[in-house]
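Student: Sequence:
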Amino acid sequence: MNNFRTEVSIQKSSLELNHNRPILSYGSCFAFEIFKKLRNYGFHIQHPGGVIYNPISILDIILRGLNNISYVSKDLVRNRNTHFSWFHNGKDYHDVSSEKLIHQLNDENKVVKDLLKNKPIILITFGTAYVYELQSTSQIVANCHKQNSALFRKRKLTVEEIITPWKNLIQHVDARIYFHG
120 MNNFRTEVSI QKSSLELNHN RPILSYGSCF AFEIFKKLRN YGFHIQHPGG VIYNPISILD
180 IILRGLNNIS YVSKDLVRNR NTHFSWFHNG KDYHDVSSEK LIHQLNDENK VVKDLLKNKP
240 IILITFGTAY VYELQSTSQI VANCHKQNSA LFRKRKLTVE EIITPWKNLI QHVDARIYFH
300 G
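Numbering (this note's numbering), first residue to last: 120 to 300.
Hints are computed from structural coordinates only; laboratory data are not their basis.
A virtual CB, placed ideally from N, CA and C, is assigned to each residue, including glycine.
One should not assume that every hint holds.
Below, simulated SDA-like cross-link-like pairs (lysine to any residue); rule was C-alpha separation at most 25 Å, straight line [unchecked claim]:
{"id": "1", "residue 1": "232", "residue 2": "141"}
{"id": "2", "residue 1": "236", "residue 2": "284"}
{"id": "3", "residue 1": "236", "residue 2": "248"}
{"id": "4", "residue 1": "156", "residue 2": "188"}
{"id": "5", "residue 1": "229", "residue 2": "287"}
{"id": "6", "residue 1": "238", "residue 2": "225"}
{"id": "7", "residue 1": "232", "residue 2": "131"}
{"id": "8", "residue 1": "131", "residue 2": "160"}
{"id": "9", "residue 1": "232", "residue 2": "160"}
{"id": "10", "residue 1": "265", "residue 2": "252"}
{"id": "11", "residue 1": "232", "residue 2": "169"}
{"id": "12", "residue 1": "265", "residue 2": "283"}
{"id": "13", "residue 1": "275", "residue 2": "187"}
{"id": "14", "residue 1": "232", "residue 2": "190"}
{"id": "15", "residue 1": "236", "residue 2": "289"}
{"id": "16", "residue 1": "229", "residue 2": "291"}
{"id": "17", "residue 1": "232", "residue 2": "187"}
{"id": "18", "residue 1": "232", "residue 2": "290"}
{"id": "19", "residue 1": "286", "residue 2": "201"}
Quick list of simulated restraints, FRET-style, between CB atoms [claimed, not checked]:
{"id": "20", "residue 1": "256", "residue 2": "137", "range": "20 to 30 Å"}
{"id": "21", "residue 1": "127", "residue 2": "237", "range": "32 to 42 Å"}
{"id": "22", "residue 1": "182", "residue 2": "249", "range": "17 to 27 Å"}
{"id": "23", "residue 1": "230", "residue 2": "137", "range": "55 to 65 Å"}
{"id": "24", "residue 1": "129", "residue 2": "187", "range": "24 to 34 Å"}
{"id": "25", "residue 1": "131", "residue 2": "281", "range": "26 to 36 Å"}
{"id": "26", "residue 1": "140", "residue 2": "281", "range": "23 to 33 Å"}
{"id": "27", "residue 1": "249", "residue 2": "201", "range": "18 to 28 Å"}
{"id": "28", "residue 1": "282", "residue 2": "210", "range": "50 to 60 Å"}
{"id": "29", "residue 1": "182", "residue 2": "149", "range": "19 to 29 Å"}
{"id": "30", "residue 1": "121", "residue 2": "287", "range": "47 to 57 Å"}
{"id": "31", "residue 1": "237", "residue 2": "199", "range": "35 to 45 Å"}
{"id": "32", "residue 1": "199", "residue 2": "272", "range": "18 to 28 Å"}
{"id": "33", "residue 1": "188", "residue 2": "216", "range": "13 to 23 Å"}
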């Protein structure tokens, strides 16, 4: 018994990163940490929407970019002196000016659309199957932005609610998509 460790043979991954291929990173804080590391190493990487945990909100961000669906003032919510979007993380996506925020969101959409034309690697991490829906519209939100909990209904997505729209997206996007979860 000379060996005090278990040796594991790891196969080479089919995922090969290089500085010439764009990368889109979506999802949880893990995805954000990967984004920061790769950006620090000079990779062409974006993390649209900020840290988002539920699969439906991540999908919404991707589809808006893919289909070039612009954000408009009705997509924003005003609370006190700031505007935010139910579709985005609040840390990086808020502004006192609705026009500036809409411009930021639509600029990011254009970047995503352009990157999707270049067959990017897409890294996705789902953080939870639980979602918060607006009571008034049943719209799933990416972030509650510390709003009154009475505005929301919490529920768990079914497997079908997650798989069906993601399967449709994967069949229509020419990219390498990697899930971690």
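Student: If a hint holds in the structure, say so; if it does not, say that too.
Tutor: Tested hints:
1. A distance of roughly 12 Å separates the Cα atoms of residue 232 and residue 141; the hinted pair therefore holds under the 25 Å criterion.
2. Straight-line distance between C-alpha atoms of residue 236 and residue 284 comes to about 20 Å, which keeps the hinted pair within the 25 Å bound.
3. Between the alpha carbons of residue 236 and residue 248 the distance comes to roughly 29 Å, so the proposed pair goes past 25 Å and is violated.
4. Between residue 156 and residue 188 the CA atoms are separated by roughly 30 Å; this puts the pair beyond 25 Å, and the hint is violated.
5. Between the alpha carbons of residue 229 and residue 287 the distance comes to roughly 22 Å, so the proposed pair stays at or under 25 Å and holds.
6. Our distance criterion of 25 Å between C-alpha atoms is met by residue 238 and residue 225, whose separation comes to about 21 Å.
7. The hinted pair formed by residue 232 and residue 131 fails the criterion: a straight-line CA distance of about 31 Å is larger than 25 Å.
8. A threshold of 25 Å between alpha carbons decides the hint, and for residue 131 with residue 160 the separation of about 21 Å falls inside it, so the pair holds.
9. Our distance criterion of 25 Å between C-alpha atoms is met by residue 232 and residue 160, whose separation comes to about 23 Å.
10. With a C-alpha separation of about 14 Å, the suggested pair residue 265 and residue 252 falls inside the 25 Å cut-off, and the hint holds.
11. As the CA atoms of residue 232 and residue 169 are separated by approximately 17 Å, the hinted pair is consistent with the 25 Å bound.
12. The straight-line distance between the Cα atoms of residue 265 and residue 283 is roughly 30 Å, outside the 25 Å bound, and the hint therefore fails.
13. With a CA separation close to 29 Å, the supplied pair residue 275 and residue 187 exceeds the 25 Å bound.
14. At most 25 Å may separate the alpha-carbon atoms for a hinted pair to count; residue 232 and residue 190 meet this at roughly 14 Å.
15. With a CA separation close to 14 Å, the supplied pair residue 236 and residue 289 stays within the 25 Å bound.
16. Of the pairs offered as hints, the one joining residue 229 and residue 291 holds, with about 18 Å between alpha carbons and a cut-off of 25 Å not exceeded.
17. Proximity of residue 232 to residue 187 is assessed by CA-CA distance (about 7 Å); at most 25 Å being required, the pair is judged to hold.
18. This hinted pair checks out: residue 232 and residue 290 have alpha carbons roughly 17 Å apart, not beyond 25 Å.
19. Using a Cα cut-off of 25 Å, the hinted pair residue 286 and residue 201 is violated, with the two alpha carbons roughly 36 Å apart.
20. Separation of residue 256 from residue 137 is about 43 Å and departs from the stated range, judged on CB atoms against 20 to 30 Å.
21. Between residue 127 and residue 237 the CB atoms are about 35 Å apart, so this pair conforms to the stated range of 32 to 42 Å.
22. A beta carbon spacing of about 21 Å between residue 182 and residue 249 agrees with the range 17 to 27 Å that was offered as a hint.
23. Between residue 230 and residue 137 the C-beta distance comes to about 20 Å, which lies outside the given range of 55 to 65 Å.
24. Between residue 129 and residue 187 the CB atoms are about 40 Å apart, so this pair departs from the stated range of 24 to 34 Å.
25. Between residue 131 and residue 281, the C-beta spacing of about 30 Å keeps the proposed range 26 to 36 Å intact.
26. For residue 140 and residue 281, the hinted distance range of 23 to 33 Å is satisfied, since their beta carbons lie about 27 Å from each other.
27. In this structure, residue 249 and residue 201 meet the distance hint of 18 to 28 Å, their C-beta atoms being roughly 26 Å apart.
28. In this structure, residue 282 and residue 210 break the distance hint of 50 to 60 Å, their C-beta atoms being roughly 29 Å apart.
29. One distance hint, 19 to 29 Å for the beta-carbon pair residue 182 and residue 149, holds here, with the actual separation near 22 Å.
30. Distance hint check: the CB atoms of residue 121 and residue 287 are about 54 Å apart, consistent with the given range 47 to 57 Å.
31. Range check, residue 237 to residue 199: Cβ separation about 40 Å, and the 35 to 45 Å hint holds.
32. Take residue 199 and residue 272: their Cβ atoms lie about 24 Å apart, and the range 18 to 28 Å holds.
33. Range check, residue 188 to residue 216: about 21 Å between beta-carbon atoms, so the 13 to 23 Å window is met.
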